[in-house]
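Peer 1: Listed here are the chains, written in short residue letters.
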Amino acid sequence: MRSAPSLQLDPDRLLPTDPTRRDIARRLHGQVESLPIISPHGHVPAGWLAHDLPFGDPTSLLITPDHYVNRLLHSQGVSLATLGVGQGPLDADASRAAFRALCENWSAYRGTPVRYWLQMQFVDLFGIDVRPSAETADAIYDQIAATLLTPEFRPRALFERFKVEVLATTDDPCDDLADHAFLADDPTWTGRVLPTFRPDKYLEVGVAGWVEHADRLQEVSGVDTAELSGFIDALQARRDHFRAHGAVSADHSHADVQAEKLPTEEAAELYRLARKGSLEPVEALALRRHLLWEMARMSSEDGLVMTLHPGVSRNHHGPSHAAFGADVGADIPLPGDFTRALKPLLQDFGTNPGFQLVLFTLDETTLSREIAPLAGFYPSVWVGAPWWFMDAPEAILRHRSAVTETAGFSKTSGFIDDTRAFCSIPSRHDMARRLDATYLSGLVADGRLDEDEAAETLVEIVSVNPRKAFRL
Amino acid sequence: MRSAPSLQLDPDRLLPTDPTRRDIARRLHGQVESLPIISPHGHVPAGWLAHDLPFGDPTSLLITPDHYVNRLLHSQGVSLATLGVGQGPLDADASRAAFRALCENWSAYRGTPVRYWLQMQFVDLFGIDVRPSAETADAIYDQIAATLLTPEFRPRALFERFKVEVLATTDDPCDDLADHAFLADDPTWTGRVLPTFRPDKYLEVGVAGWVEHADRLQEVSGVDTAELSGFIDALQARRDHFRAHGAVSADHSHADVQAEKLPTEEAAELYRLARKGSLEPVEALALRRHLLWEMARMSSEDGLVMTLHPGVSRNHHGPSHAAFGADVGADIPLPGDFTRALKPLLQDFGTNPGFQLVLFTLDETTLSREIAPLAGFYPSVWVGAPWWFMDAPEAILRHRSAVTETAGFSKTSGFIDDTRAFCSIPSRHDMARRLDATYLSGLVADGRLDEDEAAETLVEIVSVNPRKAFRL
Amino acid sequence: MRSAPSLQLDPDRLLPTDPTRRDIARRLHGQVESLPIISPHGHVPAGWLAHDLPFGDPTSLLITPDHYVNRLLHSQGVSLATLGVGQGPLDADASRAAFRALCENWSAYRGTPVRYWLQMQFVDLFGIDVRPSAETADAIYDQIAATLLTPEFRPRALFERFKVEVLATTDDPCDDLADHAFLADDPTWTGRVLPTFRPDKYLEVGVAGWVEHADRLQEVSGVDTAELSGFIDALQARRDHFRAHGAVSADHSHADVQAEKLPTEEAAELYRLARKGSLEPVEALALRRHLLWEMARMSSEDGLVMTLHPGVSRNHHGPSHAAFGADVGADIPLPGDFTRALKPLLQDFGTNPGFQLVLFTLDETTLSREIAPLAGFYPSVWVGAPWWFMDAPEAILRHRSAVTETAGFSKTSGFIDDTRAFCSIPSRHDMARRLDATYLSGLVADGRLDEDEAAETLVEIVSVNPRKAFRL
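Those protein sequence lines, which keep their order, are chains D, P and Y. When we follow our numbering, the leftmost residue of the first sequence carries the number 162, and every step to the right adds one. When we follow our numbering, the leftmost residue of the second sequence carries the number 162, and every step to the right adds one. When we follow our numbering, the leftmost residue of the third sequence carries the number 162, and every step to the right adds one.
Among the hints, erroneous ones may be present.
When chains are identical, the list treats them as one kind, so a pair holds in a single copy or across two.
Straight-line Cα separation of at most 20 Å, SDA-like style, residue types lysine to any residue; simulated pairs [as the list claims (entries may be wrong)]: (1) Lys362 to His482; (2) Lys504 to Gly479; (3) Lys629 to Trp267; (4) Lys504 to His415; (5) Lys504 to Ala416; (6) Lys629 to Val239; (7) Lys362 to Trp454; (8) Lys422 to Ser461; (9) Lys629 to Ser268; (10) Lys504 to Gly486; (11) Lys629 to Gln237; (12) Lys362 to Ala428; (13) Lys324 to Gly191; (14) Lys422 to Asp394; (15) Lys504 to Leu423; (16) Lys504 to Asn476; (17) Lys504 to Ala487; (18) Lys504 to Ser474.
Hints were generated in silico from the structure; no laboratory data involved.
In isolation and in its complexed conformation, chain D is listed as follows (with noise of 0.2 Å):
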């Protein structure tokens, strides 16, 4: 092998070229570095910490289960099956012939967050010092390999070298909680992980399976879902199931934001149709936006933070989906409308004060346009951190120009990683903290902003915010 070129950490990484600026974001961004990590939001399983088993293979850890660097591959004419994508574990020889595509194709991640989360976790977790290629991909294979192996690597260890605070999961309704109530009673284990409510499936009652999750939502809750009202109150029980858990928000997920109550007896006859498969699309929409509202109802009584992601065509090549299942990077971003959509939620709870929501989107139109102006008007509404394509230098830095001048900081929600490449939590929110402090640095540098003010509100963005937005 001939010398390869090295890969290495800037200190000054994402904060300004100008001299004046970078000054100022340096000393920002000093007051936050080294503060503990609140996660509100993602997707790591609460499993891998109570059971504190050794991560796999490189492969298994950082190429298959992460579609953002899976879509990357696809693109470039790497098939799914190659990176082991919808199949069972890798053996050996395959695992490291996927680890040698992700090396061989390094350039394709230049200027994307792949490149820069990557080369960070390379780096400082795992020590590589040369940059992947072809030439170097085996060695670099056998070092994270090794390293996967020792004590300090196991999920535990990195948790508290992560300097993890809170870490919220993201869970089915009709889950037990078994692991985060293990970690509970754990009398070793220090750290808070809270599961979050995830109910879209139960509330999609026009896709095919519905029925099924209707069932067993009773058969897991104990309430009769034969009547709307009783799968409302099968869908409460759980929800105070999570909350003793330790939830604190729902998150829901649909091809659109609106929530809109039906009169009760049109909800409950349609309701009806719906468990015999027999609502027409229509309907079906009407009863599931109808269920959004009920979602918000009970976060307004209950006090779990409601959190909506929406605008998004899943699984847009379904050739993929057929062979390789979902989340494999083929989810396409919509338009987005909050506007309009939200309108009948926020009259019936956008002033209520047990009602809070975090509005995500990947429509970034809708951040100065629509967003950042409920956020600016309504008390329960959050603008959200940047969300999966957005979450990457240049997109991050638009989304605080496009919200802060409407809405200010105070109604932000503080970063949210959203991940489940659990090592590459460290470099998510350290990518967030350096663009926060270079945004900052520029209202200081042209007198918008005295310096002790920007320095408070890092700190609150990276500490305080996301306490409040999601009630911890």
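Please arrange chains P and Y on chain D, whose structure you already have, making use of the hints.
Peer 2: What follows is chains P and Y alone, placed relative to chain D:
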């Protein structure tokens, strides 16, 4: 009171941080810093200047009537009632308490233009030198209150101090414009204060109360409005009345900008139904669009510049509307549509030399996609200034960036403050002039424009474009 | 004539102002500054190069045919007739007068890319050293006119001087491509000039005149087009003819990008109605979408890259269209839709290795929301270059910023000039190369990319990506 942080104005505020660009921007800004203010669209009452009464207390001047200020306090959980919104005047204690709420929530305005406007008023106008906070609220309140009692703070004195050359008000077509006439007849008054014809509610034939508006129009104009032809004549008579009092423009804000002629008899028949209150919604829409077309026709004949401010969901929160009235900060933008919607109007008047149209948007996606392309072809179309939520530093720069490359500078209206907050007018124009200097400095610094061209352009933006766009 | 301001080119134009970034950008730009031009999509007539006739007067070369130039003059109140649009050639006096109109309105182009392109042509190509104005217009006109008479300004000499390696034209499917054949057979000619298959009007079955186009297709192809199957065969025959003359792509511009297969018999029946001119609008839309689907199928089989240029309201101003024809600067963009509209097409061909699709948009909101996510998953999808109004410095940077973080660099097509203004080609590529250097310098300066990676990326954008995207 412990020593409070100071409140100051950076003389280079909003100019670029990079030294090369900052030097250029300083020189450019120096050319326009002290030019008179032209304000061709706004909401200051003419009566303030006609009667020249002293302003009341700080709250009734700076908080209660300003929805920019109130909405953010409301988003923090402060009740609009506390701020005096939609009520009679607050008593002395309540007024002081409302001002304290503003100061206690000073941090909520960080990064917003409201912070900039208030800070500049506090420092430049009222001589405040401490940062607003719970501790400093009372002292600031007292200082402003005392200042407002001095003769230098009467409206006419401020008008002169602000170097306002032209100020346009916004007026109901049935207004007798007595205050404007009073000013015109007052030999001690030399300022130019113009009315603006704003007929929205007379065109909204589908809204409850329209019949009364049509009756009132008949009464004021002396023209029988039983039939459409009379209604049109009555509107023309009121436009003539406005023009006789110096009006140069007619302003329109409906849900959309579509203006389309109906066949004469169809329009007449719909009008008869409207007078009976029996229009279907789709008919009401068609008739409103026809009436807007008639407004365009009149503009092409009488020369009043037509301005369009579309795309807002007014009074988004019904309960707040019911309790506090309109204009309480709950108007939320919607996606815009200009290319399709303006097509019928521009077929008929787009190249008519008598017709001039200024377009405003709250959906910044329409700037590069629709508005700039229209203004870069049609001689009649002008790009309006960044409006409302877009009247903020980064949004203003995005606006120039979205518009300039397709429509240049010469078809942009120059800055429009559109405010009812009289004391904020200088700070709003100050912000715009600095940002245009900043934008132009970028063109000079990277070799796209010579500095003498940039200087000429900036002077034109401030002093020439508004005169041309509004036929002043 | 008093001493006129000079006209010069800043050697660092469009590079960043910040010294750190400028140094990096200069080094990057130096790598590509003199690389050959690849122009895989444009509108220069092949006949210019086949016959190598001298260009005419300055106006007929630089103004009359260029709607980028004309639209802004029209927006200033200059009649299109004055500029020779849609008329026979202007006489000598009128040509000079049109050129004077351009120079008198030179300030209208400030901040636009037209200013950049013209300035670079004036200085670099024609040796002009004074700023255009009423005073300098005649002298500049004379200097350009004299230059155009020299042998160095014949089309073939310019082609060589510009270092054009590949130039694609855009051609009607019924074109015999005689000029392309002539060039291929000419032993003195070594350039590569390729036709592009542009079948729009043959697919627009609902537009008046379509039947004549279908008849003409039968005549030229020798295939009976009475039935749909024959019509499809005739189109394939013409694609084969184009491929035999070097074509690598087929270009499509309809109102939307939806392409969806109809059942065979339904399509055949709609086609029969189309031939009779009795299609309903909704049927015409369905058949056009079916035909576009057939084009995609053929692309997947014959390998012609499919390019889509949707979303324009063509000939927005009817009276101008009637008086001056198409392409007079009155085409206004509309909102885009790719995620939903492309779903049927991508189900069928999205992962087909024979299929390659390049997407262009005039609605920049679709870049981060739809186009980049599609290109970052589907191996067949490429992000096209900033098109038309987006082909401007700040829009180009926004384009990279919107696309890169989601799709990287490797799925972007490289720059496409898309112009009929032959002499502007070097200035357009110059602009794009400088801006890509500027964009990449930002990634290096803030630690996201090593400089050697940025340099390699820039060379690939200029020399590799267009070859891959267009299968050159």
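Peer 1: Each of the hints needs a verdict: does it hold here or not?
Peer 2: Taking the hints in turn, this is what the structure says about them:
1. Lys362 to His482: within (17 Å within a copy, 36 Å between copies)
2. Lys504 to Gly479: between (34 Å within a copy, 9 Å between copies)
3. Lys629 to Trp267: between (39 Å within a copy, 18 Å between copies)
4. Lys504 to His415: both (17 Å within a copy, 19 Å between copies)
5. Lys504 to Ala416: both (16 Å within a copy, 16 Å between copies)
6. Lys629 to Val239: between (43 Å within a copy, 16 Å between copies)
7. Lys362 to Trp454: within (15 Å within a copy, 34 Å between copies)
8. Lys422 to Ser461: Answer is within: at 15 Å inside a copy they meet the 20 Å cutoff, but 48 Å across does not.
9. Lys629 to Ser268: Between copies, since 16 Å is at most 20 Å while 40 Å is not.
10. Lys504 to Gly486: Between. Shortest inter-copy distance 18 Å satisfies the 20 Å Cα cut-off; intra-copy 35 Å does not.
11. Lys629 to Gln237: between (42 Å within a copy, 12 Å between copies)
12. Lys362 to Ala428: Answer is within; shortest intra-copy Cα gap is 18 Å, inter-copy 38 Å.
13. Lys324 to Gly191: within (16 Å within a copy, 45 Å between copies)
14. Lys422 to Asp394: within (16 Å within a copy, 46 Å between copies)
15. Lys504 to Leu423: within (15 Å within a copy, 33 Å between copies)
16. Lys504 to Asn476: between (29 Å within a copy, 10 Å between copies)
17. Lys504 to Ala487: Between copies, since 16 Å is at most 20 Å while 31 Å is not.
18. Lys504 to Ser474: Between copies only: 10 Å across, 23 Å inside.
The structure meets every hint from the earlier list without exception.
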